[in-house]
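There are 2 protein chains.
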Amino acid sequence: MSFRLDIALIHYPVVNKKQEIVGSAVTNLDIHDIARAGRTFGVRTYWVVTPYEQQQELTASIADHWTKGYGGTVNPDRADALSIIQIRTSIEQVLADMSEQDRQPPLVVATSASRLCKKMSYAALQNELQQGQPILLLLGTAWGLAPQVIELADVALPPIMGSMGAGTYNHLSVRSAASICLDRLCGHRED
Amino acid sequence: MSFRLDIALIHYPVVNKKQEIVGSAVTNLDIHDIARAGRTFGVRTYWVVTPYEQQQELTASIADHWTKGYGGTVNPDRADALSIIQIRTSIEQVLADMSEQDRQPPLVVATSASRLCKKMSYAALQNELQQGQPILLLLGTAWGLAPQVIELADVALPPIMGSMGAGTYNHLSVRSAASICLDRLCGHRED
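Just so you know, the sequences run in chain order A and B. With the numbering used here as the guide, the letters of the first sequence map in order to residues -17 to 173. With the numbering used here as the guide, the letters of the second sequence map in order to residues -17 to 173.
One chain only, chain A, in its complex shape (with noise of 0.2 Å):
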């Protein structure tokens, strides 16, 4: 069966490094990067969500140059990965569109470098998925989700962490953090 797990990258309300609200702005790389690894993890829908019209258009303008424009006849692949796109104003716009598709609301789960309460392993989730329960993963651009989003969710994954002899260095780009969750919850791993 095919998963009903979709991911909202947030640019908005995010925190810097000070642990402000802030909001970012979206990033060529973070649109390409994370819907290819959508695409191969069978991601249904990548979910950009930023409130700023100005940055609704700029990704709007880079989904279609891939998906309708030149870049999808000369790069195919780009343009599968790029459909997945979808942009809204803010979580809860995505919420609703989910719950109106699926008659039902999604479990949401909250990703960060940092250990939050209400956690889920990543078998959980993975039973969850294989259940049939849509998901909804956040993940946070500039220094992560902002509180109010965290509390929002109703559950939150582990930090990735790398091995025992590397200490506590997490610091991951929001587009390897993607990568690797993805792969965690839905990779096919051959012997």
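Chain copies aren't distinguished; within one or between two, either way the pair holds.
Cross-link-like lysine to aspartate or glutamate pairs, in silico, EDC-like; alpha carbons within 20 Å at most:
(1) Lys101 / Asp136
(2) Lys100 / Glu172
(3) Lys(-1) / Asp62
(4) Lys0 / Asp59
(5) Lys101 / Glu172
(6) Lys(-1) / Asp59
(7) Lys100 / Glu110
Read the hints as simulated data drawn from the structure, not as lab findings.
Chain A is fixed; fit chain B onto it per the hints.
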């Protein structure tokens, strides 16, 4: 114990879309994202391999900005990540330097989005790492490692595939592929 795992990002020789041998340009995000993932997962050295002098200078100036320059003072975590970078002209030069450092040649591991001969599973490679074997993981830019690089490798990892439901799409960015590879080899999973 700490692993003896190095990674090399190859900018020449790689192939383009038509499978012709080309050299690619170094990109800022490849430097940052892969260094951050490398540092997180305990990579010893991240070799940036390019024969082009101007590209070597560009790479050095980015790395220096974050390790010795202003960047490192405002973001010490980034300095920490980029400190694992070394620039070399060729894979042969990397192999010579690693062999001297470890007093034995590394096991050279190719990565590819296609199935290659001389396959080694992630579990088997993890076992080699844990036994103390020095390992060099080769990552290709553009459309991937050139045939002569794959020929030079001792073994190859299987391609990263999504879930069954997602079909056979696996066009990941090298940043995503590197992150997933390292997590599969060295990631610590919390229950």
